Amino acid sequence: MSLLVKPYIGCNLKCSYCYENSYRKKIEKPKLDYNLKAVLKKMEEYKNLEITLHGGEILCLPHKDLETLLSKSYEIHKKSGIQTNATLIDNKKIALFKKYNTHVGISWDGPGELSKFRPGSQKVGKIIDKLVKEGVSVSLIMVISKANAGTKELRKKLKSFLLDLEKKGIRGGRLNPCLCAPRYELSMEKLKEAYLDLADFCLKNNLKWSPFCDIVNGLKNKGRVCHFMGCDIFSTQSATVVLGDGSVVNCMRVNQEYVPLRHPVQYQTRNEILYETPQKYGGCKDCKYWRACYGGCPAAAFDNDWRNRTYICELWKCLFEFYENIFNQLDIPLPVLNNNSRDESRVCNEGVGHGDEHGDHDDAGKAGHGDEHGDEHGDEHGDHEHGDEHGDHDDNAGKDGHGDEHGDEHGDEHGDC
Amino acid sequence: MVKNFVRVIPKKGGEKWPSKLGEMSNLFGQAEYEMVKQGYRKAAIIHIDEHNYQQMTEKMNKDGLIFTPFLKSGHYEGFSHCHKEVKPGEPYYWYGCLTKTYKDAQEFKRADGTVNGKNTDHKKYGEMLGYPECCSSYFIKAFPKNYDPIWLEKQGEVSGYPECNQMLRYFGARITSHFSCSSTCKKTREIGQKWLSVMKGIDKKLTEELYDLLNSPCTWNSYHGVVQVETPYFIGLTHTFPLLKKPRIINWNKKRII
Chain A
1 MSLLVKPYIG CNLKCSYCYE NSYRKKIEKP KLDYNLKAVL KKMEEYKNLE
51 ITLHGGEILC LPHKDLETLL SKSYEIHKKS GIQTNATLID NKKIALFKKY
101 NTHVGISWDG PGELSKFRPG SQKVGKIIDK LVKEGVSVSL IMVISKANAG
151 TKELRKKLKS FLLDLEKKGI RGGRLNPCLC APRYELSMEK LKEAYLDLAD
201 FCLKNNLKWS PFCDIVNGLK NKGRVCHFMG CDIFSTQSAT VVLGDGSVVN
251 CMRVNQEYVP LRHPVQYQTR NEILYETPQK YGGCKDCKYW RACYGGCPAA
301 AFDNDWRNRT YICELWKCLF EFYENIFNQL DIPLPVLNNN SRDESRVCNE
351 GVGHGDEHGD HDDAGKAGHG DEHGDEHGDE HGDHEHGDEH GDHDDNAGKD
401 GHGDEHGDEH GDEHGDC
Chain B
1 MVKNFVRVIP KKGGEKWPSK LGEMSNLFGQ AEYEMVKQGY RKAAIIHIDE
51 HNYQQMTEKM NKDGLIFTPF LKSGHYEGFS HCHKEVKPGE PYYWYGCLTK
101 TYKDAQEFKR ADGTVNGKNT DHKKYGEMLG YPECCSSYFI KAFPKNYDPI
151 WLEKQGEVSG YPECNQMLRY FGARITSHFS CSSTCKKTRE IGQKWLSVMK
201 GIDKKLTEEL YDLLNSPCTW NSYHGVVQVE TPYFIGLTHT FPLLKKPRII
251 NWNKKRII
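Chains as they are written, first to last, in the numbering used here: chain A, 1 to 417; chain B, 1 to 258.
For the record, the hints were derived by calculation from the structure and aren't laboratory data. Take the hints with a grain of salt, since some may be wrong.
Unchecked claim - Simulated restraints on C-beta separations:
| hint | chain 1 | residue 1 | chain 2 | residue 2 | range |
| --- | --- | --- | --- | --- | --- |
| 1 | B | Glu-209 | A | Asn-91 | 53 to 59 angstroms |
| 2 | B | Thr-57 | A | Lys-288 | 54 to 60 angstroms |
| 3 | A | Ser-71 | B | Asn-52 | 51 to 57 angstroms |
| 4 | A | Pro-278 | B | Ser-216 | 47 to 53 angstroms |
| 5 | A | Lys-29 | B | Lys-3 | 43 to 49 angstroms |
| 6 | B | Glu-50 | A | Lys-78 | 50 to 56 angstroms |
| 7 | A | Asp-65 | B | Glu-23 | 39 to 45 angstroms |
| 8 | B | Lys-124 | A | Glu-314 | 42 to 48 angstroms |
| 9 | A | Ala-38 | B | Lys-145 | 46 to 52 angstroms |
| 10 | B | Asp-212 | A | Asp-65 | 38 to 44 angstroms |
| 11 | A | Pro-335 | B | Leu-206 | 51 to 57 angstroms |
| 12 | A | Leu-32 | B | Lys-204 | 26 to 32 angstroms |
Said to hold, decoys possible - Under the rule of at most 35 angstroms between Cα atoms (straight-line distance), these lysine-lysine pairs were calculated in the DSBU-like manner:
| hint | chain 1 | residue 1 | chain 2 | residue 2 |
| --- | --- | --- | --- | --- |
| 13 | A | Lys-146 | B | Lys-246 |
| 14 | B | Lys-154 | A | Lys-285 |
| 15 | B | Lys-59 | B | Lys-118 |
| 16 | B | Lys-204 | B | Lys-37 |
| 17 | B | Lys-246 | A | Lys-25 |
| 18 | A | Lys-14 | A | Lys-168 |
| 19 | A | Lys-190 | B | Lys-245 |
| 20 | A | Lys-47 | B | Lys-186 |
| 21 | A | Lys-285 | B | Lys-103 |
| 22 | A | Lys-26 | A | Lys-123 |
| 23 | A | Lys-26 | B | Lys-254 |
| 24 | B | Lys-11 | A | Lys-25 |
| 25 | A | Lys-79 | A | Lys-37 |
| 26 | B | Lys-37 | B | Lys-187 |
| 27 | B | Lys-254 | A | Lys-280 |
| 28 | A | Lys-14 | A | Lys-146 |
| 29 | B | Lys-12 | A | Lys-47 |
| 30 | A | Lys-280 | B | Lys-141 |
| 31 | A | Lys-37 | B | Lys-103 |
| 32 | A | Lys-204 | A | Lys-159 |
| 33 | A | Lys-204 | A | Lys-190 |
| 34 | B | Lys-246 | A | Lys-280 |
| 35 | B | Lys-118 | A | Lys-31 |
| 36 | A | Lys-79 | B | Lys-11 |
| 37 | A | Lys-190 | A | Lys-79 |
| 38 | A | Lys-116 | A | Lys-285 |
| 39 | A | Lys-126 | A | Lys-14 |
| 40 | B | Lys-11 | A | Lys-14 |
For clarity, every value in this text was computed on a predicted model and none was experimentally measured. Glycine included, every Cβ here is placed at the ideal spot set by N, Cα and C.
Please take these sequences and the hints and turn them into a complete structure.
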């Protein structure tokens with residue numbers, strides 16, 4: 001589980017598909033008006049979580065403030081981490097990274113035209129080289145879009161870049177599909193074609209990129225990225241975000257119109273809905289990959305409604321199938337596919353170290369954390385029983401179980417059904 | 001389907017709302033009692049926790065009221081018209097009616113399905129609880145189709161009186177105790193005015209806040225067994241009737257009619 005520290009939501013780049021664009025539009029011009037003291041207090045309060053300095057672009061902060069935050073992370077964990085577009089990295093910042101044992105997660109889509117949707121990021125390749133040379137721990141998040149995977153030629157360049165990275169010692173990171181940005185994301189057919197191609201490539205070259213390793217971990221019921229963990233959008237257990245004013249919110253990927261405070265308790269409501277709702281109505285009923293996937297990320301749900309499964313379900317299914325076939329070839333059983341219970345206990349966190357990290361930053365190479373936190377932060381939060389609501393009316397109360405048992409019987413009788 | 005639950009997630013700046021809603025729920029509970037005491041309705045359904053029984057019955061005696069217990073129910077999160085069988089040693093509450101006279105108590109008891117062994121006589125029930133006839137008739141028709149009958153024929157932009165707004169009742173906020181037949185039911189509004197005056201007698205400021213909340217724009221979005229209600233201050237989630245194919249969405253009071 002991660003604490004994403006986002007003191008400043010602004011950015012020096014204007015990436016076309018950035019999910020935070022809607023927040024920036026809402027607040028017109030982001031300002032560096034964070035309350036450092038409040039942010040530090042929250043970092044202390046949530047010190048059981050792995051800390052990543054995030055943004056916007058975290059390196060837009062004045063050097064002194066950046067050092068304060070890195071130093072705080074280091075004080076807590078003897079290491080620190082940032083997620084950055086890397087364009088503002090210079091010698092002074094590299095010195096900070098070395099001083100505070102900083103893992104640098106870089107968001108970049110590859111050299112040249114591959115990063116067409118990230119204007120202004122051309123020099124990142126050289127910066128990566130420099131970081132590696134200086135011995136700074138580096139990983140990458142790449143967004144897979146029309147710019148870097150829309151054609152075979154583009155994918156050839158992308159694969160060549162992945163091999164270049166491997167030579168530099170960067171063997172993994174994230175290849176996240178571009179989502180909720182129709183102008184930039186691949187069509188479902190192209191998406192499947194691209195990811196199957198990349199899955200095969202990573203397999204042959206022994207590269208450990210997400211989502212492939214997460215798909216495998218899903219099939220083995222091991223710790224994996226939050227997309228496949230059964231997310232509660234109001235709690236986003238795998239990512240807790242601290243904003244510049246010290247408020248604690250959910251992962252922010254799942255809300256475009258508003259920023260609710262984070263609910264401290266994780267609910268299983270979405271899992272309950274998806275498990276029982278037929279696939280043709282947006283659910284996951286009878287899906288063989290249910291316990292490996294849990295309906296995907298609610299931020300990319302059908303009709304933008306978290307009560308549906310992800311709209312890239314087809315992509316995940318074809319990848320699950322790809323790896324399932326390999327396991328079958330090797331005669332390795334996959335008990336997760338033969339147990340289709342709702343499984344509220346969800347995945348175990350044994351194994352790969354990544355635990356249930358959030359897909360919004362990359363900490364490849366860092367040790368897993370996995371401390372619980374949510375429940376410590378109060379269990380009140382206004383939840384209460386229904387009490388005596390629903391009018392004073394009663395319909396054979398206590399006799400035929402009207403009310404909550406009505407659903408399945410009457411589901412199709414109502415106008416909407 | 002979805003387990004019974006109620007959840008309130010405040011928006012930034014709305015941190016006070018979870019506890020405020022609890023206060024509003026208590027205010028309504030007190031008003032239920034007062035509405036009978038002050039003679040605005042013949043009966044109220046109330047639930048008395050086993051531990052408060054003595055204290056509550058003494059208060060009722062003092063106020064000249066009668067509590068007639070119908071049954072014991074275990075505590076659970078869910079619709080009030082369902083009851084959980086109590087096993088020995090488990091905590092429970094008494095479900096029953098509050099009236100001014102023994103005659104009313106017996107009449108109410110005869111109408112109650114949990115006691116009479118038949119179906120609830122909703123017409124009589126509504127009459128004694130002070131519901132408008134139009135709303136009782138609406139409920140009788142609507143409830144068998146959908147046990148969460150918020151203006152079943154409506155979706156999209158809906159304007160109306162706060163007194164008719166039952167969309168936040170699960171979270172503790174409502175002025176009247178019945179489902180109004182329409183968002184602009186004049187009879188409900190009239191009855192609501194009585195409730196408001198009783199509530200103001202208990203806590204004027206809180207009553208005004210309640211009124212403002214129920215008059216504020218909100219979106220009520222019901223789908224797959226969960227209703228999500230978004231107000232300017234918080235998001236509320238609770239279980240509801242499971243619409244399968246598409247959500248039913250009510251945008252409340254975008255254009256106020258008051």
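Checked hints:
no. : hint                                         : result
1   : B/Glu-209 with A/Asn-91: 53 to 59 angstroms  : holds, 57 angstroms
2   : B/Thr-57 with A/Lys-288: 54 to 60 angstroms  : holds, 58 angstroms
3   : A/Ser-71 with B/Asn-52: 51 to 57 angstroms   : holds, 54 angstroms
4   : A/Pro-278 with B/Ser-216: 47 to 53 angstroms : violated, 36 angstroms
5   : A/Lys-29 with B/Lys-3: 43 to 49 angstroms    : holds, 44 angstroms
6   : B/Glu-50 with A/Lys-78: 50 to 56 angstroms   : holds, 54 angstroms
7   : A/Asp-65 with B/Glu-23: 39 to 45 angstroms   : holds, 40 angstroms
8   : B/Lys-124 with A/Glu-314: 42 to 48 angstroms : violated, 55 angstroms
9   : A/Ala-38 with B/Lys-145: 46 to 52 angstroms  : holds, 51 angstroms
10  : B/Asp-212 with A/Asp-65: 38 to 44 angstroms  : holds, 40 angstroms
11  : A/Pro-335 with B/Leu-206: 51 to 57 angstroms : holds, 55 angstroms
12  : A/Leu-32 with B/Lys-204: 26 to 32 angstroms  : violated, 44 angstroms
13  : A/Lys-146 with B/Lys-246                     : holds, 31 angstroms
14  : B/Lys-154 with A/Lys-285                     : holds, 30 angstroms
15  : B/Lys-59 with B/Lys-118                      : holds, 32 angstroms
16  : B/Lys-204 with B/Lys-37                      : holds, 19 angstroms
17  : B/Lys-246 with A/Lys-25                      : holds, 30 angstroms
18  : A/Lys-14 with A/Lys-168                      : holds, 28 angstroms
19  : A/Lys-190 with B/Lys-245                     : holds, 28 angstroms
20  : A/Lys-47 with B/Lys-186                      : violated, 56 angstroms
21  : A/Lys-285 with B/Lys-103                     : violated, 53 angstroms
22  : A/Lys-26 with A/Lys-123                      : holds, 30 angstroms
23  : A/Lys-26 with B/Lys-254                      : holds, 20 angstroms
24  : B/Lys-11 with A/Lys-25                       : holds, 19 angstroms
25  : A/Lys-79 with A/Lys-37                       : holds, 20 angstroms
26  : B/Lys-37 with B/Lys-187                      : holds, 21 angstroms
27  : B/Lys-254 with A/Lys-280                     : holds, 33 angstroms
28  : A/Lys-14 with A/Lys-146                      : holds, 17 angstroms
29  : B/Lys-12 with A/Lys-47                       : holds, 23 angstroms
30  : A/Lys-280 with B/Lys-141                     : holds, 30 angstroms
31  : A/Lys-37 with B/Lys-103                      : violated, 66 angstroms
32  : A/Lys-204 with A/Lys-159                     : holds, 12 angstroms
33  : A/Lys-204 with A/Lys-190                     : holds, 21 angstroms
34  : B/Lys-246 with A/Lys-280                     : holds, 12 angstroms
35  : B/Lys-118 with A/Lys-31                      : violated, 66 angstroms
36  : A/Lys-79 with B/Lys-11                       : holds, 33 angstroms
37  : A/Lys-190 with A/Lys-79                      : violated, 40 angstroms
38  : A/Lys-116 with A/Lys-285                     : violated, 39 angstroms
39  : A/Lys-126 with A/Lys-14                      : holds, 20 angstroms
40  : B/Lys-11 with A/Lys-14                       : holds, 27 angstroms
Of the hints listed earlier, those the structure fails to meet are numbers 4, 8, 12, 20, 21, 31, 35, 37, 38, in rising order.
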